[in-house]
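Chemist: For reference, the chains in residue letters:
4 protein chains.
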Amino acid sequence: MSRNAVQESLYTTIFGTETRAGKTFDVTLIIIILASIAVLMLESVGEMQAKYGDWFFTIEWGFTLFFTVEYALRLYCSPAPKAYAKSFYGIVDLLAILPTYIAMLFPGANYLMAVRLLRVLRIFRVLKLMRYLEESNVLLAALKSSSRKIFIFFYAVMVLVTIFGSLMFVIEGPERGFTSIPYSIYWAIVTMTTVGYGDLVPQTDIGKALASITMLMGYSIIAVPTGIITAQMGQQMTTQRQTTLCPNCSKPGHENDAVFCKFCGSELSQKEKQT
Amino acid sequence: MSRNAVQESLYTTIFGTETRAGKTFDVTLIIIILASIAVLMLESVGEMQAKYGDWFFTIEWGFTLFFTVEYALRLYCSPAPKAYAKSFYGIVDLLAILPTYIAMLFPGANYLMAVRLLRVLRIFRVLKLMRYLEESNVLLAALKSSSRKIFIFFYAVMVLVTIFGSLMFVIEGPERGFTSIPYSIYWAIVTMTTVGYGDLVPQTDIGKALASITMLMGYSIIAVPTGIITAQMGQQMTTQRQTTLCPNCSKPGHENDAVFCKFCGSELSQKEKQT
Amino acid sequence: MSRNAVQESLYTTIFGTETRAGKTFDVTLIIIILASIAVLMLESVGEMQAKYGDWFFTIEWGFTLFFTVEYALRLYCSPAPKAYAKSFYGIVDLLAILPTYIAMLFPGANYLMAVRLLRVLRIFRVLKLMRYLEESNVLLAALKSSSRKIFIFFYAVMVLVTIFGSLMFVIEGPERGFTSIPYSIYWAIVTMTTVGYGDLVPQTDIGKALASITMLMGYSIIAVPTGIITAQMGQQMTTQRQTTLCPNCSKPGHENDAVFCKFCGSELSQKEKQT
Amino acid sequence: MSRNAVQESLYTTIFGTETRAGKTFDVTLIIIILASIAVLMLESVGEMQAKYGDWFFTIEWGFTLFFTVEYALRLYCSPAPKAYAKSFYGIVDLLAILPTYIAMLFPGANYLMAVRLLRVLRIFRVLKLMRYLEESNVLLAALKSSSRKIFIFFYAVMVLVTIFGSLMFVIEGPERGFTSIPYSIYWAIVTMTTVGYGDLVPQTDIGKALASITMLMGYSIIAVPTGIITAQMGQQMTTQRQTTLCPNCSKPGHENDAVFCKFCGSELSQKEKQT
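Residue numbers (our numbering), protein chains in the order written: chain U, 1 to 275; chain G, 1 to 275; chain E, 1 to 275; chain B, 1 to 275.
Hints listed in this document are in silico derivations from the structure and should not be mistaken for laboratory results. Note that the structure is predicted; figures quoted are calculated from it, not measured. It is possible that some hints are incorrect.
Same chains, same label: a pair holds when it works inside one copy or across any pair of copies.
Claimed, not checked - Think about it this way: if two alpha-carbon atoms lie no more than 20 angstroms apart in a straight line, the pair counts; the simulated SDA-like pairs of lysine to any residue are:
#1 LYS23 / PHE66
#2 LYS86 / VAL39
#3 LYS144 / GLN232
#4 LYS144 / PRO247
#5 LYS51 / TRP61
Produce the complete structure using the sequences and hints provided.
Modeler: Quick look at the structure:
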């Protein structure tokens, strides 16, 4: 099936960001997404729901229809509809409309868990906004490149909180609030991450001593992953400088924001830059 | 209008810091600013206000008149009064005196919100102190140069707290204190930033599990922006830069071995190099 | 005693990870370890223990017998059984089975401290999992290489919390909850590590001022060890090192351009350089 | 006055750490310091004081006499007694004995503030321990070299908490616990440093929004000083490598733990190394 002019034009507007129409579309979409999230939040406030419940119902259907049309158009004009449907943003776009339709199928009590879940899942529309901030990819890439190290750090923290939580269960015991090992592990996480709710605190002297060790450990070991990630990023930035060569004089060492070669003044080819 | 000798002399004293008179003026001003902030703080203490309210009123008018004269003199002796009035410190200087005058126009009940706000806005005089610490500009520059990255980090954190907060609203629900999505997002922020007030804590087992994930995430991802900022600063500090500007596009920040401008490709004049 | 074929084959399966059988064994072991920890956690929940206590007892014996056989086989097939038994994982493997046997010797009341401790010590089986994540060694190495610096940081923090805690004891005193110096030091640790349970807070104005200083100090000094560790790691990662050992003193870690050993001054043999 | 043999010998034992006698003296002193701190801590526990008060009194006098003799001997054998008396450790040594003597002059009620202060000041003996950990100087040097930056960070944080605290005072007001500006600033410090006691939390919606901004700011800006300090330390470590030259071949770039030149194998002069 060959693509026609309508599809091409729609594609430039909906997926592109260079044209005037594309920019207008994007700004409109951002505003509508934010509005739909705002409505969802207001809806969750008891008094608001009691007072304006009917309005919210109507407005929400308006948003859902708009996002449904948007999703249909994206499928229609995309050169590879299947790839889009399976992509991260394709799934997010689908999830943005599904809950309202499913909720329609199960009418009834308003605040049952399942219904509330469906209503709230619409909050994932916030992910649609990520498309509009290029740099969010930089952060995601940074998280991804260090994900293995962060995972190991998680793993080490998990082992530590399991051990500290279990010891605390033995020391304080159910009679002082540490009712089970999983709950004691929850305490250890609250303590080690330095959150410290204070809903569960040690009461014996040994318990306080162990809690102190847990805190000091949590306070100190955060320096290790920070160090690893920072060192790696510093190296990545240096590598980037070393691997960007001038197409004219082949010299490396250009800064990341350089457009022209600092040695011969010729323009640096954009293809070779990977910033 | 040509500047006369009085203006020149005042300018050196008020804006300058090299002369003896300039230094005396600066030290006096710092002491008066600190005194005015101290008075404002004491004024906010109920018992103090009840006891010494009249004294505070008189003293505050003294401070306001002093700062009014200072502002007038700065405007008078500045070679570019308009530019000063529009500058950051010009606005701060004006804000330091306005609240007292406006409060005079609306006498009456002492602790109404609006009046309290006007009284407290005088606290911004603290910003006048920033003029006297050169290095505060270093920190501001550091914040500015990494503001885009910090903003993206903020954005990512906002998306995460929106999702975690909403899920928590579904799991715990209004019957356990999570009365609305905005309030649940507040909980998510308190938890993710590892503040952990403890005024709102999960009570179900699933809620505690989700809270644990939120905490561990907040504890870990702080390493990413720290890493990015540190790596960038490290590179900036290790790169020796010329003090010269590009003769064509006037942009600074060229490395020592640069012969051509990295922004526009024109040759950097060797005479202007000073390193 | 020469090793026979059975020992060799078992060794490849149990200690190795390259063969198909070895991988199957490892995956099975991981699942059983996780299952045994899960059972232990459920066992600690009062209601579960009351309901399924007998089942847990039987299952736990199953796990213990399995780990006993595993330990025996490891001892049998290891080329150096004594070295294995004394190694970190050898001791962990032994600790994974001992508590159940010891608990058998002391039957009786279920929730006495000692019995609970024995039951919970089985949680250390979680350490057996560390064998299966190579990178955990990277983290351990990072912790080890910076352990001296972290220790000094600990030491400095200990001195600070001792002083701040003692001053707080004097300021607030037993009548406001700070009943003794050790307990006040516990407060100082909770505050300085930014955990902030809130179970003990200053109530006088001077106490609040001192607490503010403690918090700001805890908030700031964390930057120092992070900085030290990060800088050291950055340098270690950027330095390209030879894989060769010094022929005289056998120390590793020489840089690529090194011709002589930096520790003993003897010439590094060029044949052994492999970079 | 020329120094005699007794003075020389005492000096080597008390101030030195190389001889066997010097080491024995140091270890003994560390044990006695720790013991005296332990006694002080036990003394602060109400029940202990009630039960063993007389014993503590006697033991404390023993410690004080011992430290008095130590101080006298240090003064006697030091080649520059005045310089020692004015040095950091000289003052610490004096402070370690003074409180007991002063307390003797003012007998009477046990738990008056002033008496308690005198008793507790003995805790500063903990500072005597710093003499025995060489690396504590490394940390102190690190803190000192970055003290200006940490101070500016403090200063910026102070400005921020003043502004946030004052705004919160206006928003929440005395009727919701924010009784005065200083107390609201205390809240801002508790929040911004991510300690989060929870003894004072915002209750209005605007208050919660402002608190969220305060938390996110505190969570993010910690990355800036960490970045600055880390970058500076990295540079210091590089500089150290560059400025250590081999006395034989004059080449720079030796690692910090190098004893021999890696290029020519000659020993690096210890005088030129500054680690």
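Chemist: Now look at each hint and say whether the structure bears it out.
Modeler: Consistency of the hints with the structure:
1. LYS23 / PHE66: within (18 angstroms within a copy, 52 angstroms between copies)
2. LYS86 / VAL39: Neither, since 28 angstroms and 39 angstroms both go past 20 angstroms.
3. LYS144 / GLN232: both (13 angstroms within a copy, 19 angstroms between copies)
4. LYS144 / PRO247: neither (26 angstroms within a copy, 33 angstroms between copies)
5. LYS51 / TRP61: within (18 angstroms within a copy, 49 angstroms between copies)
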